Each structure stands twice: as C-alpha cells, then as structure tokens.
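Please arrange chain B on chain A, whose structure you already have, making use of the hints.
Here's the letter readout for the chains.
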Amino acid sequence: GENVEQHPSTLSVQEGDSAVIKCTYSDSASNYFPWYKQELGKRPQLIIDIRSNVGEKKDQRIAVTLNKTAKHFSLHITETQPEDSAVYFCAALINTGRRALTFGSGTRLQVQP
Amino acid sequence: NAGVTQTPKFRVLKTGQSMTLLCAQDMNHEYMYWYRQDPGMGLRLIHYSVGEGTTAKGEVPDGYNVSRLKKQNFLLGLESAAPSQTSVYFCASRSPGAAYEQYFGPGTRLTVT
Numbered sequence: 004g005e006n007v008e009q010h011p012s013t014l015s016v017q018e019g020d021s022a023v024i025k026c027t028y029s030d031s032a033s034n035y036f037p038w039y040k041q042e043l044g045k046r047p048q049l050i051i052d053i054r055s056n057v058g059e060k061k062d063q064r065i066a067v068t069l070n071k072t073a074k075h076f077s078l079h080i081t082e083t084q085p086e087d088s089a090v091y092f093c094a095a096l097i098n099t100g101r102r103a104l105t106f107g108s109g110t111r112l113q114v115q116p
Numbered sequence: 058n059a060g061v062t063q064t065p066k067f068r069v070l071k072t073g074q075s076m077t078l079l080c081a082q083d084m085n086h087e088y089m090y091w092y093r094q095d096p097g098m099g100l101r102l103i104h105y106s107v108g109e110g111t112t113a114k115g116e117v118p119d120g121y122n123v124s125r126l127k128k129q130n131f132l133l134g135l136e137s138a139a140p141s142q143t144s145v146y147f148c149a150s151r152s153p154g155a156a157y158e159q160y161f162g163p164g165t166r167l168t169v170t
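Residue numbers (the working numbering), protein chains in the order written: chain A, 4 to 116; chain B, 58 to 170.
Among the clues, some could well be false.
As the list claims (entries may be wrong) - DSS-like mimics (lysine-lysine), calculated; alpha carbons at most 30 Å apart, straight line:
id : chain 1 : residue 1 : chain 2 : residue 2
1  : B       : K114      : A       : K74
2  : A       : K45       : B       : K114
3  : A       : K45       : B       : K128
4  : A       : K40       : A       : K71
5  : A       : K40       : A       : K60
6  : A       : K40       : B       : K114
7  : B       : K66       : B       : K128
8  : A       : K40       : A       : K74
9  : A       : K71       : A       : K25
10 : A       : K45       : B       : K71
11 : A       : K45       : B       : K66
12 : A       : K25       : A       : K45
13 : A       : K25       : A       : K40
14 : B       : K127      : A       : K45
15 : B       : K114      : A       : K25
16 : B       : K128      : A       : K40
17 : A       : K40       : B       : K66
18 : A       : K25       : A       : K61
19 : A       : K60       : A       : K25
20 : B       : K114      : B       : K128
21 : A       : K25       : A       : K74
22 : A       : K60       : A       : K71
23 : A       : K45       : A       : K60
24 : B       : K114      : A       : K71
25 : A       : K61       : A       : K40
26 : B       : K127      : B       : K66
27 : A       : K74       : A       : K60
28 : B       : K114      : B       : K66
As the list claims (entries may be wrong) - If you want a taste of the chain B side facing chain A, the calculated C-beta under 8 Å gives, among others:
id : residue
29 : Y90
30 : G97
31 : G99
32 : Y157
33 : G164
Stated by the list, open to error - Across the chosen pairs, the derived CB separations fall in these ranges:
id : chain 1 : residue 1 : chain 2 : residue 2 : range
34 : B       : N58       : A       : D20       : 36 to 44 Å
35 : B       : S75       : A       : R64       : 41 to 49 Å
36 : A       : N70       : B       : Q74       : 46 to 54 Å
37 : A       : R64       : B       : N58       : 27 to 35 Å
38 : B       : Q74       : A       : A32       : 39 to 47 Å
39 : B       : S141      : A       : G44       : 15 to 23 Å
40 : B       : S152      : A       : N70       : 22 to 30 Å
Please keep in mind that the hints were generated in silico from the structure rather than gathered at the bench.
The model shown is predicted, which means the values in this text are computed figures rather than measured ones.
For every residue, glycine included, the Cβ atom is placed at its ideal position computed from N, Cα and C.
Extracted from the complex, chain A is given alone in its bound form:
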C-alpha cells in the first residue's frame, strides 16, 4: 500500500519567516495530495490540495508544489504568523481500492512572535 513520509517532525520559525514542510510518497498511482492543519483538540482542516496533473498551486500565503517524478510534494507558508502554529499533515490518495487518504506523521509548526 501507499506510504507517506513527512519531514521535519517539528519546525520553529520566527514570525514573518517562511516555513517549508516536505513529504514523499511511495505509490505512483497516487493522484491527489491534500494538506491539513490541525489545532489542538480540533479536527483536521483542509488548507490546500493539489492534483497530480498540476505542479504548483497557491492560495495567498500558502503554496504546494508537486514533483511526480521524484514522488514528493511540499507545503510552503510565507510571512508566517503566530496563528499558523499548529500540526500540519500531508496525505496522498489513490482513487482505487480503499480510496482513502494515507497520512504523513505530521509536523508541529511553532511560529515565535
């Protein structure tokens, strides 16, 4: 089955700096790659996603890039703010079989004011 690895496990940045979180996946059949933000005690919230036919997608301060050849994708957050502090999860979907997301292990982002 699919395996998703996520790095780093923790990331601390100064307010205003950029943050980058990277994920790799194992199955080339994966075709959908969402990123979730999870605040303490809350459910995961989708913040951005990308499909396999697109190399990059941007939404205000958040962007995701996908390299299908290398089987990795990254989340980029610019001009970080304290409210960006949370745990971020990447995931990959193969839309056959289980048709369920496989998640990375998460990155705890701390934005220092």
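Just chain B now, kept in the frame of chain A:
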C-alpha cells in the same frame, strides 16, 4: 448542514468493556472512513465503506468492527476494549466523484484504563 458528526465526544472505558462510536453525515456521501490518531503517528485508517451495506478493512482493523446499515451512518464497535485502543477517533466522508476532499468529524477521545 451539520456535516459530519460523531457521538460521543469523550468516553472512558475499562479494559474488556464494549462500546460503539457513531458517525453520521448529511452530505449524501457514499464513502465513509474511520481513522485513529495517536501522538506522532498521524491518522491511520481502521475501516472504510464505499457504500451502504459494504465495509472493508483498512490499515489497523484488529479489535474493531464496523457496520454501514444506512448510507448516512457508519458505526465503529469495540467488542473488548484494550488500553492500546486509547486514541482519538475521527470519522470522515466524501463523495465518489472527482471531488476528493474528505470531510472530518470533530473526533471522539477514548481512554481505556
């Protein structure tokens, strides 16, 4: 629309007790999923269903059973709870088309003593 709801929000069980977690969605989604979330391990798929009356095993199914008698409900059962099942349980659902986004419930925090 309530989206995806879960009952109960919190529960404490003694080893060997049984319980059922209820997930309900009002979005007419075909696919439903049960995940568990443990510290440092992301979300792992327990069981899933691609339609009413169908269920299948995910990544970590041992010790759990599920039923999908109605399209809008997906039940997760623990027949004989063990301390290793202490976790936060999330239900999710999505439609089978090209909209791959999964919608998560608020979670159930289960402690087994």
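Here's how the hints hold up against the structure:
1. B:K114 <-> A:K74: holds, 26 Å
2. A:K45 <-> B:K114: Holds - the C-alpha atoms of K114 of chain B and K45 of chain A are around 26 Å apart, at most 30 Å.
3. A:K45 <-> B:K128: Satisfied, since the Cα-Cα distance of roughly 25 Å is no more than 30 Å.
4. A:K40 <-> A:K71: holds, 23 Å
5. A:K40 <-> A:K60: holds, 17 Å
6. A:K40 <-> B:K114: holds, 26 Å
7. B:K66 <-> B:K128: holds, 22 Å
8. A:K40 <-> A:K74: Distance of about 22 Å is within 30 Å: holds.
9. A:K71 <-> A:K25: Holds, at about 14 Å.
10. A:K45 <-> B:K71: Given that 30 Å is the threshold and the Cα spacing comes to 25 Å, the pair holds.
11. A:K45 <-> B:K66: With Cα atoms ~11 Å apart, K45 of chain A and K66 of chain B stay inside 30 Å; holds.
12. A:K25 <-> A:K45: holds, 23 Å
13. A:K25 <-> A:K40: Holds, at about 14 Å.
14. B:K127 <-> A:K45: Between K127 of chain B and K45 of chain A the Cα gap is close to 27 Å, so the pair holds against 30 Å.
15. B:K114 <-> A:K25: holds, 29 Å
16. B:K128 <-> A:K40: The hint holds at about 28 Å.
17. A:K40 <-> B:K66: holds, 20 Å
18. A:K25 <-> A:K61: With Cα atoms ~16 Å apart, K25 of chain A and K61 of chain A stay inside 30 Å; holds.
19. A:K60 <-> A:K25: The given pair, whose Cα atoms are some 15 Å apart, holds under the 30 Å limit.
20. B:K114 <-> B:K128: At roughly 18 Å apart (the allowed maximum being 30 Å), K128 of chain B and K114 of chain B satisfy the hint.
21. A:K25 <-> A:K74: holds, 11 Å
22. A:K60 <-> A:K71: holds, 14 Å
23. A:K45 <-> A:K60: holds, 26 Å
24. B:K114 <-> A:K71: holds, 28 Å
25. A:K61 <-> A:K40: holds, 16 Å
26. B:K127 <-> B:K66: holds, 21 Å
27. A:K74 <-> A:K60: With Cα atoms ~16 Å apart, K74 of chain A and K60 of chain A stay inside 30 Å; holds.
28. B:K114 <-> B:K66: OK: K114 of chain B and K66 of chain B at ~24 Å, within 30 Å.
29. Y90: holds, 5 Å
30. G97: Holds, because the Cβ-Cβ distance from G97 of chain B to chain A comes to roughly 6 Å (cut-off 8 Å).
31. G99: holds, 4 Å
32. Y157: The hint holds - Y157 of chain B has a Cβ within 8 Å of chain A, the shortest such distance being about 4 Å.
33. G164: holds, 6 Å
34. B:N58 <-> A:D20: 36 to 44 Å: holds, 38 Å
35. B:S75 <-> A:R64: 41 to 49 Å: holds, 47 Å
36. A:N70 <-> B:Q74: 46 to 54 Å: holds, 48 Å
37. A:R64 <-> B:N58: 27 to 35 Å: Holds - the Cβ-Cβ distance for R64 of chain A and N58 of chain B, about 29 Å, lies within 27 to 35 Å.
38. B:Q74 <-> A:A32: 39 to 47 Å: holds, 41 Å
39. B:S141 <-> A:G44: 15 to 23 Å: holds, 22 Å
40. B:S152 <-> A:N70: 22 to 30 Å: holds, 28 Å
In this structure, every one of the numbered hints holds.
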